[in-house]
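Turn these sequences into a full structure, and let the hints guide you.
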Amino acid sequence: MNRFAWLVRREFWEHRAIWIAPLIVLAVMLVGAVTGNVFLGDVRVSADIGLDGKPTGESGLSEEDIAELSSIRGAEDLHKLERLEKLEKAASSGEMRVVSAGEALAMVSPEKRQSLLAIIYAAVAGLMFFVVGIIGFFYALDSLYADRRDRSVLFWKSLPLSDTETVLSKFFVAVVAIPAVAAVASIAGQLVMAAGGSIKLAFIGGPAGLMWMPQVLGGSAIGALALAIVCALWFAPLVAYLLLASAWAPKSPFLWAVLPPAAAAMLEEIAFGSSHVIGLIKYRTLAPIEAMFRADHAKEQAVRSMDIAGNVAELLASPGMVIGLVAAAALLAAAIWVRRYRDESI
Amino acid sequence: MPNLIEARGLSKVYGSTHALDGVNFEISEGKIVGLIGPNGAGKTTAMKAILGLTRFDGSLTVLGRDPYRHRHEIMQDVCFIADVAVLPRWIRVQQVVDFVAATHPRFRREVCDQFLSRTDIKRSSRVRELSKGMITQLHLALVMAIDAKLLVLDEPTLGLDILMRKQFYETLLNEYFDGQRTILVTTHQVEEVEHILTDLMFINRGRIVLDASMDDVAERYAQLAVKPDRVEEARTLGPIAVRQGLGRVHMIYDGAARAELEKLGEVGAPSVADLFVALMQGDRS
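Top line first, the protein sequences correspond to chains G and X.
For the first sequence, the numbering used here gives the first residue as 103, with consecutive numbering after it.
For the second sequence, the numbering used here gives the first residue as -5, with consecutive numbering after it.
Incorrect hints may appear among the rest.
A partial selection of chain G residues facing chain X, derived with a Cβ cut-off under 7 Å [stated by the list, open to error]:
1) Arg105
2) Trp115
3) Ser260
4) Leu261
5) Leu263
6) Ser264
Counterexamples of contact, computed for chain X against chain G with all Cβ distances above 12 Å [said to hold, decoys possible]:
7) Gly52
8) Thr55
9) Asp114
10) Arg122
11) Ser125
12) Thr230
13) Val243
14) Gly249
15) Ala250
Treat the hints as calculated values from the structure; they're not laboratory data.
The model shown is predicted, which means the values in this text are computed figures rather than measured ones.
Just so it is clear, CB atoms sit at the ideal spot from N, CA and C, and this is done for glycine as well.
This is the structure:
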């Protein structure tokens, strides 16, 4: 193994959350899929009309019903609970009746089942990327600060490693290794859901093999990989910025990272009444997420995660992508410079 | 012997204070040099400059290179222990050994393993679970296993008990020092290093106050335990320091004739600590 690989390995020793957190999420998913209503709660439908508001037939779920299903799935949240209460009320007043998951699935047409399933798998990936993304954010923020805080930086600097290698290893972990972990964990999560869901379906007498539709599983896996590539490329400048803050900050890299753009946004608002800075921040942090949701609403019948891959590809081809990579290179060079020439106290 | 470190007009200014004020010195191969000075004298700044950790004015070469510009190249041949706290607390013993073995071309794993096997350090422990003494032992094991030309120690035994301190320097002298390596050490506990030093360097307020080999020091400086009735006479010989001991007055002389002194009392070599105090007081007035 070469030196760079050891440097990367060292990051996984130090920041164990990178691989422990996805394992915890996977465990929760498995338990949830088998025992709870995590992915498919009881579905509420109107008493007299079908799932999509049309008379019952083989029409299956409408877009709204799918949205309903996916929102019921996350019923642990508080504001979702409120929604549930409302649904409960509607059900008790006789406007709606509650059907079991098995019944609901039986009512749903095969194509709709497919897209419903794709949403479940996309949500698994979304949750995993969200969790791992937060870990990646704090990893980048901490990576060049933690060893200065405990002064072990002097130990690392006593080894014949250049600061360029060190900073690049951390950049590599944040933009390549962590998204790769997120993709692999997402695919594992989808399989866990498929296995857990199958067990649950066996109990409620749902259609066997429903969870294992190869085109859905395959598409979802491709979606997770595409998402990893997008995150790696799109968030490269953000990561480089966080590394710079981490290398620079005398204390609290979080504040050093967050306050300058926040202050710039506020000053702009006060001075010019415009909000270009806020716009830029939103664009740089939320564009991939927006692209995903755009995909969800754009096309109806296709496998959703495939859409994600297609739609985020547009993002990758945009000029913002190229500008971002140039900015990432500049910020990274600045981070290396600060790491190299910062006067470390002994 | 070639000079390992060469400083010419080495200066470092922090704001309005001169941490180093145009310092000149050389350190040649095979020496064990003690860099001694009060707090804020500039010794840490000198160390940092030698290790390429800080910018400086004037000229400084370590192994023939500018340490600031070529830090990672010179670190192939230079090791340092800044003090006991610097090993990362989250790392496991096995991990840090593996990592240094993989990244340092001059690391000899068998030397490290052999040294560690004589301690109570467990391979699976994290550094944070080790005692302070064990952390120093671990760091020493790592550093001793590196076949370096220059070892820089900045207060390496800070916070250790006296047994550990003694053991640290004994190991260093018996197992590491081979007559070719060079060791530069700063410490406040002068008594513990003085018998292993070959050279002595005193630094005060950014300037070198004394730079001599231990042999030269012993030749040049003398300590006289003055007979009670000869004190006045002894004073006329111009001692650089006078100290009231238990029942006896001790005086330190710079370059006084031995024969003269021996008439007035017992002559010996001053301890480094006494000499240090004498020279620092002289420098202050």
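Status of each hint after checking the structure:
| no. | hint | result |
| --- | --- | --- |
| 1 | Arg105 | holds (5 Å) |
| 2 | Trp115 | holds (6 Å) |
| 3 | Ser260 | holds (5 Å) |
| 4 | Leu261 | holds (6 Å) |
| 5 | Leu263 | holds (6 Å) |
| 6 | Ser264 | holds (4 Å) |
| 7 | Gly52 | holds (17 Å) |
| 8 | Thr55 | holds (18 Å) |
| 9 | Asp114 | holds (22 Å) |
| 10 | Arg122 | violated (10 Å) |
| 11 | Ser125 | holds (17 Å) |
| 12 | Thr230 | holds (45 Å) |
| 13 | Val243 | holds (40 Å) |
| 14 | Gly249 | holds (36 Å) |
| 15 | Ala250 | holds (39 Å) |
Hint 10 from the list above is the single one not met by this structure.
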